[in-house]
Structures are given as structure tokens and as C-alpha cells.
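Trainee: Following the UniProt record's numbering, the numbering of the sequence shown begins with 1 at its first residue and continues without gaps.
Among the hints, erroneous ones may be present.
[To be verified] Ranges of calculated distance between the beta carbons of each label pair, as one might list FRET restraints: (1) 137 / 193: 16 to 22 Å; (2) 258 / 223: 18 to 24 Å; (3) 138 / 283: 31 to 37 Å; (4) 304 / 19: 23 to 29 Å; (5) 193 / 23: 36 to 42 Å; (6) 199 / 10: 31 to 37 Å.
Derived from the structure by calculation, the hints contain no laboratory data. We put the beta carbon where it would ideally sit given N, CA and C, even for glycine.
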Amino acid sequence: MNSHLAELLAIGEEVTDPEEEAFLLFSQEIPTGNLGFIDSRATSLDVTIRGNEYSIHQSPTLLSSSRAGGTTGAVLWKITPLFAEWISSPSNPLWIHSFLSSDSVVAELGCGISALVALALAPTVQHYIGTDQEYVRRLFRANLDANAAVNAPSCKQKGTKSKGKSATKKLQPGGNPTVANVTFTTLDWETDQPGLLKSCIESEAGGGRDAPHRNDDDKEEDLGFDLLLSCDCIYNEALVAPFVRTCSEICRLRPAYEPSDESEPHVGRPTVCIIAQQQRAPDVFETWLRETLREFRVWRLSDEVLGDGLKSGTGYLVHLLLAREKS
1 MNSHLAELLA IGEEVTDPEE EAFLLFSQEI PTGNLGFIDS RATSLDVTIR
51 GNEYSIHQSP TLLSSSRAGG TTGAVLWKIT PLFAEWISSP SNPLWIHSFL
101 SSDSVVAELG CGISALVALA LAPTVQHYIG TDQEYVRRLF RANLDANAAV
151 NAPSCKQKGT KSKGKSATKK LQPGGNPTVA NVTFTTLDWE TDQPGLLKSC
201 IESEAGGGRD APHRNDDDKE EDLGFDLLLS CDCIYNEALV APFVRTCSEI
251 CRLRPAYEPS DESEPHVGRP TVCIIAQQQR APDVFETWLR ETLREFRVWR
301 LSDEVLGDGL KSGTGYLVHL LLAREKS
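When you get a sec, could you build the whole thing from the sequences and use the hints?
Mentor: Right under this line is the structure:
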């Protein structure tokens, strides 16, 4: 195993027993509150991430509709801004250990309408694909467009002040857009083929500068991703199996995790999968973990790595997954 991967895996504790993990996590005191949304009645919300102010449009009407297939992605949930801040921070171990870089291609499952993780992370990676149901597309794109002028890399650092106002910065129209490298596509966890995800990048970008670079010397085109993300998609036991299967199929577009691998740091690197979720029902969590351990090795990230927003006791959990070698 190359040193970068070994250092990355040191940021958490490996999980091997779903019942033990569920008991450990759910025997702790968990903050009480609603299902996890910020404000399900508001049509827009202002959110600050790492000194950047985003205006997020949402749809309370759609959330309360009887649309088949669910509508939970129609509003912004509490964990999403916290996760977006954590994953986009330069101090995140994925950046420190070079598993995220300006050349990275990232995919997100169940991105929802906010596009918030994409807005926070896309300016610093090569390309970002958000996936969800078709009803999400319009508001996802609207939120990208509405916040296109927010320039994350050049914003003031959190905690600074200017003339007594909050430490946020928003570029005027005509500023440096940061979302040209974001693609949205539908992905049905039960019927669609994850191997086709990257083709939608080239289709939207026209094969131009926003499409991922190809190495003509490679024998095979890399259909995989450097990072697969999911934020608060685990709440319904019926969705667990197709969700885990989709995660596995996407991660297996790259080589699986092999502890004895002595390859070069940038050759044969596996897809890192990060699953963030709110603690709700212990039986659903245990079902997810049991299903996940069949396909992945799993690490629960430490409080030191997660920081105050996502650490133990906040009601949120973050696990790192690496696909196992098929037996």
C-alpha cells in the first residue's frame, strides 16, 4: 500500500462489526431536532461556507407534494453546509494526502437542489458531477447560476472582519465564475449504469477545456472518479441495497483497495468514497453498514479530523470507504 493511502487511512478507525458500531454510535447522546432540514418553509436561504455567502433556492411546495420517488432533495438539510465546509477545506486530509487536487474528478450521489457541495468544492477540482432525480435538475442549475460569482479560492478567511460586517465576500456579476466545471445528470440507483457517468461530462463540455484530460498513452480510458461523495442519503431502508450497489459499481470503475499494493502514488489509485449522514434510526444505519461491509472496507473518521461541526455528539457521522478486492 502506498504511503499516501496509509497516511489517509490513519485518520480514522476501521469498522468491522455493524452491530457493535451501531451500538457504539447510537448509545451516545444525540441532539434532538426535526428530521434534519434547515427551514422547510423558506423558499431561499443564505448560507456561509469558509467566508463565502451563498443564496440557495429551495422548494417547500415540492417537498410536501406526493410525487412518486420521493422529494427529500427539494430542500437544504443541516448536514450539507457543514459537510461542504469540511470537504472543501485545505486542511482536509484528502487534500493534505493528495487524494484531492486540481486534477480530481468528483461525483456526488443524491446531490439535491442546493448544489452547495458542488459550489464549495468545484472551484478547486477539475470536474464535479452531481447526480439525483430529474426533478432536482432545474433548481440545482438555478443555484449554480445564482452563485456563479462567488469566488471561493480568493475569499477572506473565516474569522476576519471588515468595517464591522460579517466576514463574507460575494463577487459582483461579471466576477470569476466557479461553476463552469459542474455537470448535473440523473442517476437511478436501480437501473442506470455508473460506467456512463463520465461520458456526460464530455457531452456537456463538448470535449473542451472542462472535460477531464485523457492520457493517450493509457491502454484504457479511465471511467472512474477520484472521489465519490454522498451527503445524507441514508434514511430509508428500502434504498440501502441499491445505494450501496451504486457506490460499489462506481468505485469499481477504478482498482479496488489492495493493502499490499506497492504501486506508485498516482498509478492504480482507488476511488475514495466518503459517506456523511445524520444519525436517525439505528436499524437503518446498521442495515446500511452491514450491506456496505460486504463490498467495502470502512473507516469512521476521527473527531480530530472532522472538527466541531461533524464530530461525535453532533448527530452526524462520516465514514470513508474503499472497495474490497472481489473474492
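Trainee: Give me the numbers of the hints this structure contradicts, sorted from smallest to largest.
Mentor: Result: no hint breaks.
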